[in-house]
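Enquirer: Dock chain B against the given chain A, drawing on the hints supplied.
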Amino acid sequence: MPVLYESPTKPELIKKSIKKPKVSKLEGILPQGGKLSAFLVRPAKAHFQTQEPSEEIILLLRRHWVTNVRWILIAILMLAGPLCLHSFPLIAFLPGRFQIMAVIIWYLLTTAFIFEQFLSWYFNVYIVTNKRVIDLDFYNILYYNQAQADLKEITDMNVTVSGVGRLFFNYGDLVIETAAEAPNIEFSRVPNPRKVMQIIEKLKL
Amino acid sequence: MNMPKFSFDQILRFVLSLNIWDIAKSFVLFGILLYLIFAFVVVRQVNLMLDSLEVELEGLIKFIAWLHLFLVIGVLVFGFIYL
Chain A
28 MPVLYESPTK PELIKKSIKK PKVSKLEGIL PQGGKLSAFL VRPAKAHFQT QEPSEEIILL
88 LRRHWVTNVR WILIAILMLA GPLCLHSFPL IAFLPGRFQI MAVIIWYLLT TAFIFEQFLS
148 WYFNVYIVTN KRVIDLDFYN ILYYNQAQAD LKEITDMNVT VSGVGRLFFN YGDLVIETAA
208 EAPNIEFSRV PNPRKVMQII EKLKL
Chain B
18 MNMPKFSFDQ ILRFVLSLNI WDIAKSFVLF GILLYLIFAF VVVRQVNLML DSLEVELEGL
78 IKFIAWLHLF LVIGVLVFGF IYL
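Chains as they are written, first to last, in our numbering: chain A, 28 to 232; chain B, 18 to 100.
If you're looking for bench data, these hints aren't it; they were derived computationally from the structure. None of the values given here were measured: they were computed from a predicted structure. We treat Cβ as the ideally placed atom computed from N, Cα and C, and that holds for glycine. Heads up, some of the hints might be wrong.
According to the in silico footprint, chain B covers these stretches of chain A (three or more CB under 8 angstroms from chain B) [as the list claims (entries may be wrong)]: (1) 119 to 132; (2) 138 to 145.
Taking lysine to any residue pairs in the SDA-like style, the calculated list, with each CA pair at most 20 angstroms apart, reads [claimed, not checked]: (3) B:Lys79 to A:Gln76; (4) B:Lys79 to A:Leu136; (5) B:Lys42 to A:Pro122; (6) B:Lys79 to A:Leu135; (7) B:Lys79 to A:Tyr149.
Excised from the complex, chain A in its bound form (with noise of 0.2 angstroms):
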């Protein structure tokens, strides 16, 4: 009898339409990190200017807290300076008005060198992609730098934590050596170099 309808569901075509799942580089590598962290791993509300659609941020990182401590600490003397005029009164020759003044201007000084240091340190960014590594720099507020290298073109890592600080804090620096002419990119006091560096490795495979 001939044969008037074959099923497409035979065993074969179903083992054919089936694929392998592949395993994803990102596997593993699950969100992490608040508003102001300094070890953001895929944020979900990042996005920097050359960023492609197909390219996702895989880590954003920032030098760690423990290197905002020392300007806490100036700020928080610049915050206290004035009440310490009562003890010394250095400014008590000038008129009222002109204290008073001086008191302002100090505070706006201080609210200047507060805003500068934090925008310092939360621009100063390192981003790994999916695609490449970025080191974003704003130097202070008149000097912007962007140093990138694909994840391809990356031959080589070095980290380096040094001190009792750091070992402490478990922050250091991470270089990464590429074979491409533009100079290496160093990710400077980050935290948590070592894991950097393996997610970094296994983007690259």
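Expert: What follows is chain B alone, placed relative to chain A:
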């Protein structure tokens, strides 16, 4: 051109008639004016930074930059009136 001529005596009398605190006031106001330019630069810089990197605290950072600028303008006006 006819330039007004001042004698040394006139100049000396003018200088001696100046109030030291008026001079101080003009210096203070000039300083705040320079600071105002800095505050404008900060607002501009914040915008540039946020263009380069969009982050979660974008709104708050912009607000602080503008607040700082308006504070400086306020201090400048206060200085003009109060000093």
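Enquirer: All hints are to be evaluated individually against the structure, with a verdict given for each.
Expert: Here is how each hint holds up against the structure:
no., hint, verdict
1, 119 to 132, "holds (count 7)"
2, 138 to 145, "holds (count 4)"
3, B:Lys79 to A:Gln76, "18 angstroms, holds"
4, B:Lys79 to A:Leu136, "18 angstroms, holds"
5, B:Lys42 to A:Pro122, "11 angstroms, holds"
6, B:Lys79 to A:Leu135, "17 angstroms, holds"
7, B:Lys79 to A:Tyr149, "13 angstroms, holds"
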